[in-house]
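> If you count the sequence shown from 1, you need to add 3 to reach the numbering used here.
Just so you know, these hints were derived from the structure itself, not from any lab.
Hints may be right or wrong, so weigh each one.
Stated by the list, open to error - In silico BS3-like cross-links for lysine-lysine, where the CA-CA straight-line distance does not exceed 30 Å:
no.	residue 1	residue 2
1	Lys294	Lys465
2	Lys294	Lys113
3	Lys488	Lys465
Claimed, not checked - Quick list of the computed label-pair ranges, beta carbon to beta carbon:
no.	residue 1	residue 2	range
4	Arg587	Asp285	37 to 45 Å
5	Arg207	Pro347	32 to 40 Å
6	Glu140	Arg207	48 to 56 Å
7	Gly585	Ser646	23 to 31 Å
8	Asp493	Glu276	21 to 29 Å
9	Gly664	Trp636	21 to 29 Å
10	Thr625	Ile295	14 to 22 Å
11	Leu300	Leu244	39 to 47 Å
12	Asp571	Asp285	39 to 47 Å
13	Arg64	Pro446	22 to 30 Å
14	Arg207	Glu42	28 to 36 Å
15	Val533	Glu692	20 to 28 Å
16	Pro347	Pro247	49 to 57 Å
Cβ atoms here follow ideal geometry from the backbone N, Cα and C, with glycine treated the same way.
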Amino acid sequence: MDRLAFCFGVHNHQPIGNFDHVMVEATERAYRPFLERLEQRPEVRLSVHCTGSLLEWLRERSPRTFDLLGTVAARGQVELLTGGFYEPILAVLPDHDKIGQIERLTTFLKSHFGVRPRGMWLAERVWEPQLPRVLSEAGVEYVLVDDRHFALAGLDVDTLGGYYMTDEQGQSLRVFPINQRLRYLIPFAGVDETFEYLSAWRGRATAITMVDDGEKFGVWPGTHAHVYAEGWLDRFFDRILSTPWLDATTLADVVERVPASGRVYLPTASYGEMGEWALSADAARALDAAKIEISRLADGERLVGLLRGGFWRSFLVKYPEVGDTYWKMLRLSRAIHGALARRPDDARLISGQVALWRGQANDAYWHGVFGGCYLPHLRRAVKTSLLEAEHSLVEAGAAAETAWTREDGNGDGRVEVYVRTRALAVTLEPEAGGMVTELGYFPARLDVADVLARRSEAYHDKVRARAGLGASDGARTIHDAATPKEAGLDALLAYDAIRRGSLTEGLFAEAQTALDPVAPWAAARGVIGVERLECAVEDDADAVSIVLSRAPTPDLPLAMDKRVTIRDATLAVRYRLRPPRGQRLTGRWAVQWNLALTAGHAPDRYLDLAARPTLGSSGRATDLSAVTLVDEWAAVEARLRWSPAAELAWGPVETVSLSEGGFERIYQGTALLLVWRLDVDPDAAATLEAAVTLARR
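All chains, please: the whole structure from these sequences, using the hints.
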């Protein structure tokens, strides 16, 4: 090749569970106009990756866009790339799911567009050294990662061109480095500046690659006007065609015409920002300070690029809720894979496997600029899919309708109790006070316990610093400084010392001060939710009971028996509270439930009290014995009742997170606090009961 091959392309993806209006907007503002301009210039050749879930949506909801993609692919103008169908982080999946997800998208592309993809898009470019073997087994010949991966292997990114060979256990794979500088230039810089950079590569490399998110061509802030109305993309394509030394081509063409640039073994890596996001808040601040300090050195820019940050799997520790979802996915994967090995043609198990793969979609398993696990609708979509997969095992007779296990099911070294009834999937943590962290309701495929805790994030420092500043105009990359979507977000920056589960208890003094339903624990004499309790499981004919207990301690002179009984669609708790021998027990006993339906401030999602307050409201009522959380949109009710009558207080659990649009407030769920007055004679006991029943409306 006597010209510089330019491997340009786009990766188009929308998360499982994303709002339909977001999908429509992305299609109208980015995917379709991009393909329309591409169709008008058949000489421009590039690569396109669309995730399987997006392709299915386009086929049904935007056939014009789907057909446009087919047109440019059929005439050889566009090379289609495969990948995991539902855009999972492949490295952390069992191998059978890695291969299954890739083969599903490959088959879809062959059947709908008549082409068999040779190359693959790697979700979030999360690379681990074991991948070449399994990708090769899935029929993948080459994959794209960032040039930063190569820098971390000791290579100079200013000399990276073409593609490289790597391998694992004798299985070879080609790896294309995506040029970071081009990722930041396109489409934000002027066309002249972009081509000046490309020109500098003439004679230095046979090929240079830039494949990045298609949403930056119309969806990211200000980009639709910049890319289309102001003509950036037209000028870019025209400049490609009028530049004699540049050959806009595909990855497949480069593989066919150019030998490998060398061999490389890449370390575990993703793009630089991902490593920063995976760190704890304190570690991220320390990394940022180190980058500032090192950048002042003569060779600072290159050295900063060698700072790794964290590792994608650290999200599974940073957000325990995410870790639990991941481990549930692994347990289901083993069960479904084993059942299919025995009955490979069972339609219910095959459907369950597809649901499992949907539940592996990466977006709800991590957090960065894109909201990720802080977005309840994305978590809900993943959990819905996993509940569907779990139920498929029961429907197929591969799992009992009512069952329980007591095991370390999430790899944290502690034992959990997992219970399944006809209607519920429940996870209870005996070593965290008997907290309930999963309350999956099979009829609605809804985990009502899915409330994410409020945690410190490094970018919260910027929320405080930018309090009161408005949003900026114009096209900008998501890596630019974000702005708040509303004033006063800094006031919401409170953090939880205890995970957001249900059945967390505390003993409080008799003082008349009202307890904050969202964060009462700082005022407690003792909190049960942080204790390891003795635990036994009783299995009756139609129910499972977990019996938990604690003896009095100097810090909390209170004996407690806590019996949690799960029957059909009801989870009930019965407390028996006793003072130490010869002492009196006085004060207030508070039990917190953290429950999540599908929205906080919609008028059709409310508490069934007189004024029908929304689930995102705050309030307090005395001498109640029941309340129902109603979600008319999802057609679900959570009926909470208790005895004897008690005070009920409630309030929203709200986080401040970062998306491509800026800093935003997000409703995660509703905290409900039941408060009973205690006055227990020596050698006596108080008995308190509460239960939640889930039902369809």
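> Run every hint past the structure and note whether it holds.
Outcome of the hint check:
A threshold of 30 Å between alpha carbons decides the hint, and for Lys294 with Lys465 the separation of about 17 Å falls inside it, so the pair holds. For the hint pairing Lys294 with Lys113, the CA-to-CA distance comes to about 46 Å; that exceeds 30 Å, so the pair is violated. Of the pairs offered as hints, the one joining Lys488 and Lys465 holds, with about 13 Å between alpha carbons and a cut-off of 30 Å not exceeded. The hinted window of 37 to 45 Å between Arg587 and Asp285 holds, with their beta carbons roughly 44 Å apart.
In this structure the hint that Arg207 and Pro347 lie 32 to 40 Å apart at CB is violated, the actual value being about 52 Å. Between Glu140 and Arg207 the beta carbons are some 35 Å apart, a value that contradicts the proposed interval 48 to 56 Å. Here the CB-CB span from Gly585 to Ser646 is close to 28 Å, well matched to the stated 23 to 31 Å. For the pair Asp493 and Glu276, the supplied restraint of 21 to 29 Å holds, since their beta-carbon distance comes to about 23 Å.
For Gly664 and Trp636, the Cβ-Cβ distance of about 24 Å falls inside the hinted range of 21 to 29 Å, so the restraint holds. In this structure the hint that Thr625 and Ile295 lie 14 to 22 Å apart at CB is violated, the actual value being about 54 Å. A C-beta distance of roughly 42 Å is found between Leu300 and Leu244, which places it inside the suggested range of 39 to 47 Å. Here the CB-CB span from Asp571 to Asp285 is close to 45 Å, well matched to the stated 39 to 47 Å.
Arg64 and Pro446 have their C-beta atoms about 27 Å apart, which keeps the hinted 22 to 30 Å range intact. With their beta carbons about 33 Å apart, Arg207 and Glu42 fall inside the hinted range of 28 to 36 Å. A hinted range of 20 to 28 Å holds for the C-beta pair Val533 and Glu692, which are about 23 Å apart. The supplied range of 49 to 57 Å is met by Pro347 and Pro247, whose beta-carbon atoms lie about 56 Å from each other.
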